[in-house]
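Following the hints, complete the assembly by docking chain B onto the known chain A.
Number of protein chains: 2
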Amino acid sequence: MVQYIEKLSKEEVLSRIKKLADEIYNEFSSGNPSIKLAVRGNIKNIEYDEKRDIITLKEKIGSREFFNLGHVRRFMQTLLVASLAKKLVEKDKTASLREVYYQLKHTIPILNVNTLEEQEESDAVIEDLERAIKAIREQFHIKAEGRGAIYGDIYLRDRKRGDEWNCSKLGRGGWSVPSTIEDIEIGDVNADFVLVVEKEAMFDRLIEERFPEKQGAILITSKGQPPRGVRRLIHRLRKEKNLPVYVFTDGDPWGFYIYSVIKRGSMNLSQFSELLATPDVKFIGMTIDDIDEYDLRKKGAVIKLNQRDIKRINEIANYPWFKKSKDWQRQFRKMMDYGIKVEQDALAANSLEFVADTYLPDKLEHPDKILS
Amino acid sequence: MVQYIEKLSKEEVLSRIKKLADEIYNEFSSGNPSIKLAVRGNIKNIEYDEKRDIITLKEKIGSREFFNLGHVRRFMQTLLVASLAKKLVEKDKTASLREVYYQLKHTIPILNVNTLEEQEESDAVIEDLERAIKAIREQFHIKAEGRGAIYGDIYLRDRKRGDEWNCSKLGRGGWSVPSTIEDIEIGDVNADFVLVVEKEAMFDRLIEERFPEKQGAILITSKGQPPRGVRRLIHRLRKEKNLPVYVFTDGDPWGFYIYSVIKRGSMNLSQFSELLATPDVKFIGMTIDDIDEYDLRKKGAVIKLNQRDIKRINEIANYPWFKKSKDWQRQFRKMMDYGIKVEQDALAANSLEFVADTYLPDKLEHPDKILS
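Residue numbers (full-length UniProt numbering), protein chains in the order written: chain A, 1 to 372; chain B, 1 to 372.
Looking at chain A on its own, in the form it has when it is part of the complex:
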């Protein structure tokens, strides 16, 4: 059985696609052709691997059958995507999800039926192909949009183009992390740790304060929930360079879940956790304790929880990995008791420099203030 692996060569991707096609071709003469693939992850069929601290998929194989009226459309679409993926890899091109949709959409003559109606259909089928050949779509050259940014004393190289650059020498914006980084090689790094920051404005603040230079940090901003390119980069920095990683988000259920996704993977992509998640990252803030510690309530720098927040707190507080942690349960309870949340930008209520000169150094010096 093939497995997800960190680096999949061009030949290996092509051979997996060809194997899928060969099997179907042979089944056409022998019986009922079908595409076998792992069932998609959701709250019911995922497993929390406590030892490795990662979300994985309870593998259950499903199939799309040709001689099944409910399956045949999806069967046909999966073959279309597989065929396009093969061409992309062969020609060394990368297509966006939207381009894939337009490339594959056409009207089937005589039947007068469209191969696809909406992009949602091709997106779903691309996921099917991922689970059928056990490769993330980036490995067969299909990408989404959504970028992050990285700043710090680190060299990156684009393998195909030969470009190389230092991410601290591109002005204060750093380097923009694309949605697929499979062609990027990580070169020399001169830093002690990685700090992942939820918001771009905080990323900019820390750069302006020269935090990366003063503290030996590589800064990454996920711009909210991190796109896959950013998750891959964090994963690889940890794995290839053995750097500790801290996550810094808003003190609200959405921020806490960003941390959770970076650390343990997400439910619907649970089959890729081993390529996308970074199990031993730690959470530096904002915690609800910070509100007291840095006197943010008195400064009017907190925000009342709304109904959506409360619903979300109740949901994620019950995820097994948050549930087993006393520290996290205390944060959730305190947030509910106080009825407030706090943004990372709120530290500016003290001073613009405060986050870089006081807050983060204080946390780094006191591991007991850091959650995991």
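Among these hints, one or two may not hold up.
Computed spacing ranges between beta-carbons, pair by pair [as the list claims (entries may be wrong)]:
1) B:210 / A:25: 34 to 40 Å
2) B:23 / A:303: 45 to 51 Å
3) B:185 / A:9: 40 to 46 Å
Honestly, the hints are just simulated from the structure, not real lab data. Keep in mind that this is a model prediction, so the values were computed, not measured. Here a beta-carbon is modelled for each residue, glycine too, at the ideal position from N, C-alpha and C.
Just chain B, lined up with the frame of chain A:
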């Protein structure tokens, strides 16, 4: 009377803020202190300067008076922002809109009233300060979020940090354009024109196809409606480097309006058109004619107009600058007659390479297919 100018030195910004404060201070002894500022732009008080092909503000001076119950809160807030802006410029720091909000929010003792309740209040007051001292907020070091990207054979320099880089040597993502580019100097450019692309996926496509190298183009993506940093960059490339600029958007009212904003400025920022707009940019596509010319309808690559689209078409078709143009009126009419719109990604229905190898070169060779 002070005016908006392209480059405002640190001393000049500080002197404008100080002058504002001095005037108010003097008025406190002599009568009713007030802040004078140009009234904000909207459809009624803007002027379309047909000769310069730019939207400008019919200048009407309003005031915020201290001895006016309806004005005093805003008066106080404007002074708070002016005072913070002065500190930012002096200390050479840049703050985000959100940071400004947190920096200025506090409870006034005795009165027990908050200086600000929501960020909308500080955002509005920052705009007031822009119109009171005639400087864009980037010039007094306050920035929004939102980035674009630039790719091509062009050197940029960060004046304050001393970094210099070539935007074609940073991998296929190019350089990320920050929300303020006042510290960026434009160095050598080796290109014949600038192409501004609405969507990031199209930007990526053209880079993968080596369009900038083959055609001598500098590519910029606005990622939808362009942030101010991107508009400033387009403006400066045209002005400082005298490069022709083409805009390439979806063929729908939203895409057409992106073009309009880049070219003529936007209504609510009409007072800054001279710093943000680029009057002689041209529109390369997508036009509704393209649907016929490149056979996109038959390929199922068009989308039905919805009610929101139709409402928006009726609005913008009546803006004076679109109204006076026969070419644009024809596009609007045709869009309504066909009842469809077309995305730039739709060109992938032909082939991934089509946009770079056929569509754009074809347009560039036939100026009659380009709108202005």
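Identify every previously stated hint that the structure contradicts and give their numbers, smallest first. 2
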